[in-house]
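Undergrad: Based on the sequences and whatever the hints tell you, model everything.
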Amino acid sequence: MRGILMLVLLLLSACQHLSAPPPVAGQILDLRSGQALTAQELVGRLALPSRLIVGEQHDNRDHHQVQLWLLKALGEQRPQGSLLLEMLTPDQQRRVDDVRLASTPPVDLPGALAWQPGWDWDLYGPIMRFALTQPYPLLAANLDTLEVRTVYAKPPALSGSRSNTSSVRDQLLKQVSESHCGLLPQSQMPAMLAVQQQRDRRMAERLLAAPMPSLLFAGAYHARKDIGVPIHVLDLGASQAPTVLMLAQQGSEVTAAMADYVWYTPATPAPDYCAQMRKQFGK
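Position one of the sequence shown corresponds to residue 37 (the working numbering), numbered consecutively onward.
Just so you know, these hints were derived from the structure itself, not from any lab. Where is the CB? At the ideal position from N, CA and C, for every residue including glycine. Treat the hints with caution; some may be incorrect.
As the list claims (entries may be wrong) - For each label pair, taking beta carbons as the anchor points, the in silico distance ranges come out as:
1) Pro247 - Pro221: 36 to 46 angstroms
2) Gln224 - Thr169: 34 to 44 angstroms
3) Leu84 - Ala245: 12 to 22 angstroms
4) Pro192 - Arg114: 30 to 40 angstroms
5) Ala227 - Asp262: 19 to 29 angstroms
6) Arg136 - Ala303: 31 to 41 angstroms
7) Ala303 - Gly70: 42 to 52 angstroms
8) Ala189 - Pro142: 28 to 38 angstroms
TA: So this is what it looks like as structure tokens:
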């Protein structure tokens, strides 16, 4: 009976008209079936799960425009329970709450939030401005700087059968190395892996504790079903993994093992981060 009810709700949601078209053209796929979806059909499906993760490429403007559109579109389908951001740390939570409760917005919003310069405010600002005006909580999902330093100095043991497999660790080590353009000394790799996985574990903990339906915006590797937050959610005892929508550029490979849905946005030229990093490392 529950399955029939969920199907009816899905069909009704998919048929509802969204007030604004998506801001970015692209191909949307259900990775389990290979079915192509319209943006409206996607929203109808994403409105059903109690926990949802949207993976992004941090420097891709299209991805942030899609995220803002999704946040608004999902709110038209059902009340949103909470929004969680990788970009917010626990020591910012009180500032976020104060801004949400203030009668007038601060003149310097990034300053009031102690927004970290590593996250381009020009890209994240529109999402923050919208989320801060909503009735649901906006929650920090990351580690703060002191926690990162503590993990780096003395990596803690990580519980859970899924997150501790050699395949997960090997894939993450490869990602850490590639994201640093192969310039990190091997001696630093275990600590960097620990930080990555402790960030995943924190996001999973926060997602499980957040009011539902909960929505997490995070980087693509954190969002992945096979190596990221979803396996930590299961290791923490949840009976079901979060649904994952991956935002990816055309030409990227996203499989059903990584996500439930993918929204391919137009390919854009990537900055040469490795050249910048080589200069930083003096190589």
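Undergrad: Now tell me, hint by hint, if it's right for this structure.
TA: Against the structure, the hints come out as follows:
no., hint, in the structure
1, Pro247 - Pro221: 36 to 46 angstroms, "holds (43 angstroms)"
2, Gln224 - Thr169: 34 to 44 angstroms, "holds (42 angstroms)"
3, Leu84 - Ala245: 12 to 22 angstroms, "holds (21 angstroms)"
4, Pro192 - Arg114: 30 to 40 angstroms, "holds (37 angstroms)"
5, Ala227 - Asp262: 19 to 29 angstroms, "holds (23 angstroms)"
6, Arg136 - Ala303: 31 to 41 angstroms, "holds (37 angstroms)"
7, Ala303 - Gly70: 42 to 52 angstroms, "violated (21 angstroms)"
8, Ala189 - Pro142: 28 to 38 angstroms, "holds (35 angstroms)"
Figure legend: structure checked against the earlier numbered hints; the only hint not met is number 7.
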